[in-house]
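Asks: Just so we're aligned, residue 42 is where the sequence shown starts under the working numbering, counting upward by one.
The hints are simulated quantities; they were obtained by calculation from the structure and are not laboratory data.
For clarity, every value in this text was computed on a predicted model and none was experimentally measured.
Accuracy of the hints is not assured; some may be wrong.
Unchecked claim - Below, in silico cross-link-like pairs of lysine-lysine (DSS-like), each with a Cα-Cα straight-line distance of 25 Å or less:
1. 108 - 217
2. 345 - 133
3. 369 - 217
4. 169 - 266
5. 309 - 91
6. 334 - 320
7. 309 - 345
8. 93 - 298
9. 345 - 320
10. 109 - 309
11. 266 - 217
12. 309 - 369
13. 133 - 179
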Amino acid sequence: MKKTFAIGALLAGGVLSQAAFAVDTVQIDGSSTVFPVSEAMAEEFQSAQKGKIRVTVGVSGTGGGFKKFCRGETDITGASRPISPEELALCKENGVQPIELPVAMDALTVVIHPDNTWAEMLTVDELKTMWEPEAQGKITNWNQIRSDFPDRPLNLYGAGTDSGTYDYFTTAVVGKEHSSRGDFTASEDDNVLVMGVSGDVNALGFFGLAYYEENKDKLDAVAIKWKDNEPVMPSFETAGDSSYQPLTRPLYYYASKASIEEKDYVAKFTQFLLDEENKELVKEVGYVPLSSKVYEAANEVLEKREVGTAYQGAEVGVDVAETLSRTKHY
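Use the sequences and the hints to build the structure in full.
Replies: As structure tokens, then:
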């Protein structure tokens, strides 16, 4: 009898011990593009909370992140494009109410190997020639893009098809979301793309500005010419003033209304994400901070718990402040 009691007491003690050391945890997943911001914000927030709140950050890609989020498996998901009507329907089906919050501006960067001296500037039409579905198996050489380019193989690297970066790039360049050739090296991990392009003089790839800024010693960015405008290089400045088009885009967080209202630690962290004092963290990881006007509008959306999205699919060249004032779809 004494032995049974002792075991019971030990088990109870173990449960109490576990409960004593349990830490409230915010769960984030989603875009690899948004990941550097999420990681920096999580570290800063956890430090300020002195271990009382933990933030876990996963990287499933925008599409993969939405699947988890809309099943109610995460509190917040990062996205490099707006939530799609199909994903919104999945959220609704599972009773998940997303609050759409901008986090930063990004210049989607086209990159080449440093020894590539011929493609320092490309037009959007030339990018379309490379990437459109009709190019598959046919456009395989650099001199097919421009006659004075060298007779070299054209090796393409890009975001995986589950990525919001892929969706935005295809919309902006090809003219139709999720439409491109399939014979390119694809990865949801931007570091894989960095390694690929930096090791291949014939390569061209694309990903978010942060990954280029982090690897400028291995890569060169391409100036982009759109319509009748002068060629523009991707940078903090050109993304901030929207002169780098059509590849400047907003990045988003989607926060679960239930998580915010039922878990005070999720509410605290979400508010932390929209604190303008943290905009230097956004810049440190290679992205363009939001303007004061956008921070103010985003905080109003959070305060009112406005559910849904301002979009019905990807849009190019949007005014983020304007989207925050739109009627939301849910």
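Asks: Look at each hint and say if it fits the structure.
Replies: So, going through the hints one by one against the coordinates:
| no. | hint | verdict |
| --- | --- | --- |
| 1 | 108 - 217 | 22 Å, holds |
| 2 | 345 - 133 | 19 Å, holds |
| 3 | 369 - 217 | 23 Å, holds |
| 4 | 169 - 266 | 12 Å, holds |
| 5 | 309 - 91 | 14 Å, holds |
| 6 | 334 - 320 | 13 Å, holds |
| 7 | 309 - 345 | 15 Å, holds |
| 8 | 93 - 298 | 22 Å, holds |
| 9 | 345 - 320 | 22 Å, holds |
| 10 | 109 - 309 | 22 Å, holds |
| 11 | 266 - 217 | 19 Å, holds |
| 12 | 309 - 369 | 24 Å, holds |
| 13 | 133 - 179 | 43 Å, violated |
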